[in-house]
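Using the hints, position chains B, C, D, E, F, G and H against chain A.
There are 8 protein chains.
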Amino acid sequence: MDERKLRTLLTKFRAGKLQEDALLRELRALPFGELEFAKVDHHRALRCGFPEVIYCRGKTTLQIARISREILRHGSDLLATRATPEIHKAIRKVDRRAAWHASARCVTVGGQPPKGKGYVLVVSAGTADIPVAEEARVTAEMLGARVRTLYDVGVAGIHRLLGHRTLIMDARVIVCVAGMEGALASVIGGLVRRPVIAVPTSVGYGANFEGLATLLAMLNSCASGVTTVNIDNGFGAGYSAALITRGDGK
Amino acid sequence: MDERKLRTLLTKFRAGKLQEDALLRELRALPFGELEFAKVDHHRALRCGFPEVIYCRGKTTLQIARISREILRHGSDLLATRATPEIHKAIRKVDRRAAWHASARCVTVGGQPPKGKGYVLVVSAGTADIPVAEEARVTAEMLGARVRTLYDVGVAGIHRLLGHRTLIMDARVIVCVAGMEGALASVIGGLVRRPVIAVPTSVGYGANFEGLATLLAMLNSCASGVTTVNIDNGFGAGYSAALITRGDGK
Amino acid sequence: MDERKLRTLLTKFRAGKLQEDALLRELRALPFGELEFAKVDHHRALRCGFPEVIYCRGKTTLQIARISREILRHGSDLLATRATPEIHKAIRKVDRRAAWHASARCVTVGGQPPKGKGYVLVVSAGTADIPVAEEARVTAEMLGARVRTLYDVGVAGIHRLLGHRTLIMDARVIVCVAGMEGALASVIGGLVRRPVIAVPTSVGYGANFEGLATLLAMLNSCASGVTTVNIDNGFGAGYSAALITRGDGK
Amino acid sequence: MDERKLRTLLTKFRAGKLQEDALLRELRALPFGELEFAKVDHHRALRCGFPEVIYCRGKTTLQIARISREILRHGSDLLATRATPEIHKAIRKVDRRAAWHASARCVTVGGQPPKGKGYVLVVSAGTADIPVAEEARVTAEMLGARVRTLYDVGVAGIHRLLGHRTLIMDARVIVCVAGMEGALASVIGGLVRRPVIAVPTSVGYGANFEGLATLLAMLNSCASGVTTVNIDNGFGAGYSAALITRGDGK
Amino acid sequence: MDERKLRTLLTKFRAGKLQEDALLRELRALPFGELEFAKVDHHRALRCGFPEVIYCRGKTTLQIARISREILRHGSDLLATRATPEIHKAIRKVDRRAAWHASARCVTVGGQPPKGKGYVLVVSAGTADIPVAEEARVTAEMLGARVRTLYDVGVAGIHRLLGHRTLIMDARVIVCVAGMEGALASVIGGLVRRPVIAVPTSVGYGANFEGLATLLAMLNSCASGVTTVNIDNGFGAGYSAALITRGDGK
Amino acid sequence: MDERKLRTLLTKFRAGKLQEDALLRELRALPFGELEFAKVDHHRALRCGFPEVIYCRGKTTLQIARISREILRHGSDLLATRATPEIHKAIRKVDRRAAWHASARCVTVGGQPPKGKGYVLVVSAGTADIPVAEEARVTAEMLGARVRTLYDVGVAGIHRLLGHRTLIMDARVIVCVAGMEGALASVIGGLVRRPVIAVPTSVGYGANFEGLATLLAMLNSCASGVTTVNIDNGFGAGYSAALITRGDGK
Amino acid sequence: MDERKLRTLLTKFRAGKLQEDALLRELRALPFGELEFAKVDHHRALRCGFPEVIYCRGKTTLQIARISREILRHGSDLLATRATPEIHKAIRKVDRRAAWHASARCVTVGGQPPKGKGYVLVVSAGTADIPVAEEARVTAEMLGARVRTLYDVGVAGIHRLLGHRTLIMDARVIVCVAGMEGALASVIGGLVRRPVIAVPTSVGYGANFEGLATLLAMLNSCASGVTTVNIDNGFGAGYSAALITRGDGK
Amino acid sequence: MDERKLRTLLTKFRAGKLQEDALLRELRALPFGELEFAKVDHHRALRCGFPEVIYCRGKTTLQIARISREILRHGSDLLATRATPEIHKAIRKVDRRAAWHASARCVTVGGQPPKGKGYVLVVSAGTADIPVAEEARVTAEMLGARVRTLYDVGVAGIHRLLGHRTLIMDARVIVCVAGMEGALASVIGGLVRRPVIAVPTSVGYGANFEGLATLLAMLNSCASGVTTVNIDNGFGAGYSAALITRGDGK
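Protein chains in written order, with the working numbering: chain A, 75 to 324; chain B, 75 to 324; chain C, 75 to 324; chain D, 75 to 324; chain E, 75 to 324; chain F, 75 to 324; chain G, 75 to 324; chain H, 75 to 324.
The set of hints was computed from the structure by calculation and includes no laboratory data. Hints should not be assumed to be uniformly reliable.
To be verified - Beta-carbon label-pair distances, calculated as ranges:
id: 1; chain 1: D; residue 1: 225; chain 2: F; residue 2: 148; range: 16 to 22 Å
id: 2; chain 1: C; residue 1: 94; chain 2: F; residue 2: 163; range: 46 to 52 Å
id: 3; chain 1: A; residue 1: 144; chain 2: C; residue 2: 176; range: 19 to 25 Å
id: 4; chain 1: C; residue 1: 150; chain 2: D; residue 2: 225; range: 32 to 38 Å
id: 5; chain 1: F; residue 1: 188; chain 2: D; residue 2: 188; range: 54 to 60 Å
id: 6; chain 1: H; residue 1: 159; chain 2: D; residue 2: 225; range: 47 to 53 Å
id: 7; chain 1: H; residue 1: 135; chain 2: F; residue 2: 188; range: 36 to 42 Å
id: 8; chain 1: F; residue 1: 160; chain 2: H; residue 2: 159; range: 25 to 31 Å
id: 9; chain 1: H; residue 1: 159; chain 2: B; residue 2: 144; range: 23 to 29 Å
id: 10; chain 1: G; residue 1: 177; chain 2: F; residue 2: 226; range: 36 to 42 Å
id: 11; chain 1: D; residue 1: 225; chain 2: E; residue 2: 240; range: 26 to 32 Å
id: 12; chain 1: F; residue 1: 226; chain 2: E; residue 2: 240; range: 42 to 48 Å
id: 13; chain 1: D; residue 1: 188; chain 2: C; residue 2: 132; range: 31 to 37 Å
All figures in this text were calculated on a predicted structure; none of them were measured in a lab. C-beta atoms are modelled at their ideal positions from N, C-alpha and C, and glycine is treated no differently.
Here chain A stands alone, though its shape is the one from the complex:
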């Protein structure tokens, strides 16, 4: 219910065409009802262009195709994470623009043009961390962030990392993707004074417990300014990073 409709009701009421009880009934429905929806929709318009996201794991290709069709029908952008080539094919049948990002395991349609000057830097420690790093990159780019990447710079060879310190220090926000003991987040957090979003990956074995050891290490980082997301959650990190850069242009 928008303001116009409300004014119409009031006018009718003052004109005696609407009973007080009927008006009250309408008003009582407002708080949690349609006005709520209207509000949110309006709010949606404001943040227009944010892609709708489909987390593919645990959904059938058929389900994903159907959801994609619904999203795209409303002209929204689309981001499907943890996808497969087969899923890409299915979405492509719905919309020819569907692009496949193999290393990120993502399908995208549309996306925001980059704006502003700051960039998100996505850093990863090992080769096996790249899919999660790429998911972060694709996500952030879909939301209009500029992204630069720096892969394979684990702390066991710290000179490789330090050799890129300008790139690191100039970033607006850093997404740091690592498995094993996740020390990369602390080392980078100690080098820069920019927000660092740490993404633990499930890369490791034995007492790594599918990324739990890495997650705990990152949460316990001795460096200030490091926040953490769930294991393998490249999407969440890229999303937050884009929100951070987005604020700059406001």
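Just chains B, C, D, E, F, G and H now, kept in the frame of chain A:
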């Protein structure tokens, strides 16, 4: 090795008083050596004004007083977290300006003047979460962020939260402090499109396991844009939040 | 041993046809013996109509068919959870009435007619939680409860949930099915003053640990009136919910 | 804002004493604002008599006294859990009616008169479980439930439990409080066809892990119809049990 | 080196056909060397008839066949646990007597004749626990224990259990196999004054964590006289139970 | 109700001094009621001499004194574990015979005379494990078992252990008490072919997690014939060991 | 930046073709920059002969072949762990010298000649631990260590272990590989006064939790001089062991 | 039993003064008997000078004094870890040489003179880690190792660490003590090619879980050559480090 010494070496070298090999040997020692220190100090100057932080728990009052003296001697601001009135008294003997923030359990000296227009919103769920929320507030303010607070708005009475939606939606970044099941982070994350930093607190009992349940819930938030810090780490959240607002003025 | 038989013994004893020792031996056998069985069987008759339940996972189709035959031979209703289409076929060969509930992964034969006015409301957060929610629905209906459902109303879009507040508030008992951080249980628990049975699902990844994070969150709900069942245990929640509504008509 | 006030505004508006814009401004504030509160208050009135609850642990006696005064000023009943004799004294200064329930560690003021015929049965396994059981009892009684208790009937002496089977089977809902391996919930759940709310206690040692073993055992109960609350959460169990009995009179 | 060989050496030595130094050299090798083996073999002879055990999981059929051949060549009995029909076939090629125990997943060759009057009672809670229970039975029988079984008597239908109390109370030792919440061990431990060996099984789901919940429950049993073995370790329970009965005839 | 009272009733009944209905009323109360108790008492009589056990932790001295008085009034033996000198004093006021076992932290009154030839061997690894070992010894002796002890023979100095192999190999059952990595249970289990009851103690630090590491190690023992009790549960081990030796004389 | 480029700059500077400030600017960039790389390479040359290691799990055969080619092109030795015969074939196409170590699941090219007199002793408890033990052996040999092995000497048959005590006591460092309860590390640690590196394996079941129980046991070893590596990390243990022997020849 | 005694027996046997059976009985007792003890004692003599260690926690001052007296009476060196000033006083009464190491919380008497050229480097990350680091230093020095220390060089300020790279790279073995996320071990492990012994400390809060997070991180180190000891086990690390340096002089 500082710049002056380096220039002296170069002058000697150009004057033929120093062999190329001898100079090279000196230069080769640089990367990890003294020049390193100089560099970092220079870098420190750039980010001048960031307070030095003392985590008081596990340190004696004497140790804290000594560390405070050293920090303040260099004209730096000071933030002591998890402090006690006794610690405050000890720091006050070192510097009369030392202020005591009772609910935040912090001592501060100096701090940055607020700048920019955006504000950090610190939201907390229960009364018992307030010390952690206040720690976040004091930390962010020390770094020059504007901070507004909204306390005691847990999800079990969601209308209280929704009643403040404008305050919530207009924030540059939101620090969300909650214990028990930590649902507040997800609800707020679903309302706004701003970065949300979730702080699990150790408020709870039984299967809460000193905040572990809350931490896991926040890491698993179904809302995009939520990152998490360690249990009770109000400092870390306030620090990251300030870094995020700081970027705006760049 | 029923009362009649006992009186016969006593009569024999008083008539001197039964020795004191022989009577004592009979009496000593009572406490845990036949009388016990008789009692329980009688009790069974009272609660007649409750379906027998087969948890299919870990049983072969052959075993399930055999158990089904035995149950149905006694005229009892039947509920098989975590079933497959193949299992459905096998049970259908035993009894033609066997119905297949695809999304609930259940097979049912018979079931109680709905009675009373109150209804169980089954709410679920995400699409992936639906199988568990449906298991709860089918179970509750088999026990004669009226059930209404409200799916896909997670807290990340809280307006969708609030838009149905009448349906929620009028329920006799609410089964709340959610994965990830399980915040839905707390939000609903805060809205209503009806018993809420929370069902954590194993929907999630990383630090969700197959539903453990969700389970802990629900156990720590800040809302009063929330009880919890095991991960993915839609059956248990539906069963308890039906028992709660059943009491009303007594 | 209640309905009366709203009608007054509308009357003024129709009478031309209030401008449309002014009225709109008032109405716009409704959805999440005062009307919301009014709504909730109205809703509160419906469920009138529910006590306000203070969880005392982690609050100072001063804070508790202040919160108590605020609650009682509005004529509400009051329940303070995990209280101490000292806290009781402090609340008694606020309201002379404040009663002290030593074994339940609760302070109460007011409370609902019992109604209906069904009763909540609170069963506990060991002597050490009694404080939690009593908290459940006091809570349920405050909400107007009839409560009966059966203490010290652990499964290691199962005859004691079975000797009271009539009391058990006739209950409307059973709150089952146990520590150690928590087998009591399963045994009772197998005897009755009433909802059983299991409360694990932190009574145990070694591999009990402060009640975790008990909690897991109860969640895994092989008996249908058992739901579980957090460790030592007698309050939550009593609250849910009262909600269940309350529905009967509807 | 067996006793015979040692006696030959001594005879030679006394006959002057072997020098003292040469004999000493042989003897010096004894303590940790061959004599050690001889000792153990001698000791083995004393406890004659104990089968050699092969835990099949993680070994190839070829490896198992080879180990079987070696064991059987020395005339020892053989027990292979966690076997498959394929493994049975392979062992049968080595020794035609090899018997296949399908429900126990065991292959046996030989075994001790039953002796003494006491019996091991193997009790199991659910149908799914039977393989573990059968492994315990076969193991105990291989070691010469008399075994009786009582399956499918879970605590959710406690009358079934109580109906067999004579069988239970007369056992020399009881092996109690259960999954889920493992309450059976406590109930039986409370009924009898015989050693109870509890075997948690990995039967369960969700917060059962592959038998961990059951294991913890059994370790926390409130009944005295209950000891526990590893999850699904029917072999270990059967072995210990046989050792207990064996002592009686000494 | 004991047998004597029952016979009196029957005599009265046969003599016509008691109506059939009155007798039936008495008998009907039997199954789960008094007869139940009588039965148990009768059964108790059979196993005459078993002490009643009070686990003191978490009980007040007053409560313990009261429970002691009740037990001793019936002429039963008494064992109070995890006691203190203060508790001993309190029990001594109830019964002058109360003995204090300082290292075992137990109070005993009465106890069974030793019988049979076999003995329980209690072995402990470190000095800090002795209280738990002594609790096992006192418990087993109270139940009439002969007990021998072998303390301070950890595996880090395995020669000390091996030096006592005759004592070890001749025991009827071995209680093996160890903290840290608990390797003692495996080494002893490999030496003997007698039941070994392993008791993990909470002696250790860091990743020992209050005995959890020791418990897990013992449950995973590579030696056959090892069963385990809860952390620090010397009582349970001594109790089971006594039950095992007791069977021999049957 | 390599040395040549640096010399060119210096030559230019001395020749007056480069300003001091310009040179300084170049030098200031060194510490973390290209020179860094040069330095490390130089450092690499010093420790020449250390093989490059590829952890194969989670990499495709194609990726492994490509990485192998790059390593071998620089004349380095190569060690690929957790490999398969298929991976061996792929590497062999790159370099004909590629050797396949089946039980160690490793591929090697080149390797250091053995030097010094001390040897690494690799001990393993069970047959199933051999792959991890062999990985340790191959790794240590690649780094130029002499290695001896002693397999299948678990503590359940301690005489087998003690029979080889000379071999054990004479080792320079011992790698001790064991699953289940991992007691072998403590027993060996108690026998020798040499560093012992314990490798927990994931051999076990139930409450072993994929090697966690073994890991905890080893970390809690009561023997001094035992350090531990991650579960199944034969490579890490072999690597550390070789570093220890290597120091001797310095 | 020594060789002389054995020769006497053989002589008697050959002379016919000892029966073959009697000799055999003596020989059969050898393997685990006296010879064992003799052997071990001899071995002890070889490693003479190693200090005896008392872990003070959980022992009374009286007990410690008594153990100290026994150790010192045999002329052995003494090391008491986790001591207090009060314990120091008690040991000093036994032996005037007893030295108190306040920051290491150790008491020492005697100790080995330093030998060899290599040194152990003890590195620690934060001020709070120093007690554990000092325990490692004192332990290693007691065993005759040269020790150098480098404290307060956490990875959040990596330049401080890199500034000391010569000291680090020249060490024979490095003990790396850190809490929080323990990244220091990986960074140092990546810099050097020397064995690194990582010591996780319980310094941290929240999701550090008393050092568990640090321990897991260190076990998962991406750097080769890192082994780990138990949480806070400075003693164990110092002990192993000394064993490693000790081998060099052999």
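For each hint, the structure was consulted:
The supplied range of 16 to 22 Å is met by residue 225/D and residue 148/F, whose beta-carbon atoms lie about 21 Å from each other. For residue 94/C paired with residue 163/F, a C-beta distance near 49 Å keeps the hint of 46 to 52 Å intact. The hint said 19 to 25 Å for the Cβ distance between residue 144/A and residue 176/C, and at roughly 22 Å that hint holds. Roughly 36 Å separates the CB atoms of residue 150/C and residue 225/D, a value that falls within the hinted 32 to 38 Å.
The supplied range of 54 to 60 Å is met by residue 188/F and residue 188/D, whose beta-carbon atoms lie about 58 Å from each other. Taking 47 to 53 Å as the suggested C-beta distance range, the pair residue 159/H and residue 225/D conforms, at roughly 49 Å. Between residue 135/H and residue 188/F the Cβ separation comes to about 37 Å, which falls inside the hinted range of 36 to 42 Å. Between residue 160/F and residue 159/H the beta carbon distance is about 30 Å. The supplied range of 25 to 31 Å therefore holds.
At roughly 28 Å, the beta carbons of residue 159/H and residue 144/B sit within the given window of 23 to 29 Å. For the pair residue 177/G and residue 226/F, the beta carbons lie near 41 Å from each other, so the given range of 36 to 42 Å is met. Hint check: residue 225/D to residue 240/E, Cβ distance near 31 Å, so the stated range 26 to 32 Å holds. Between residue 226/F and residue 240/E the beta carbon distance is about 46 Å. The supplied range of 42 to 48 Å therefore holds.
As the Cβ distance of residue 188/D to residue 132/C is approximately 46 Å, the hint placing it in 31 to 37 Å is violated.
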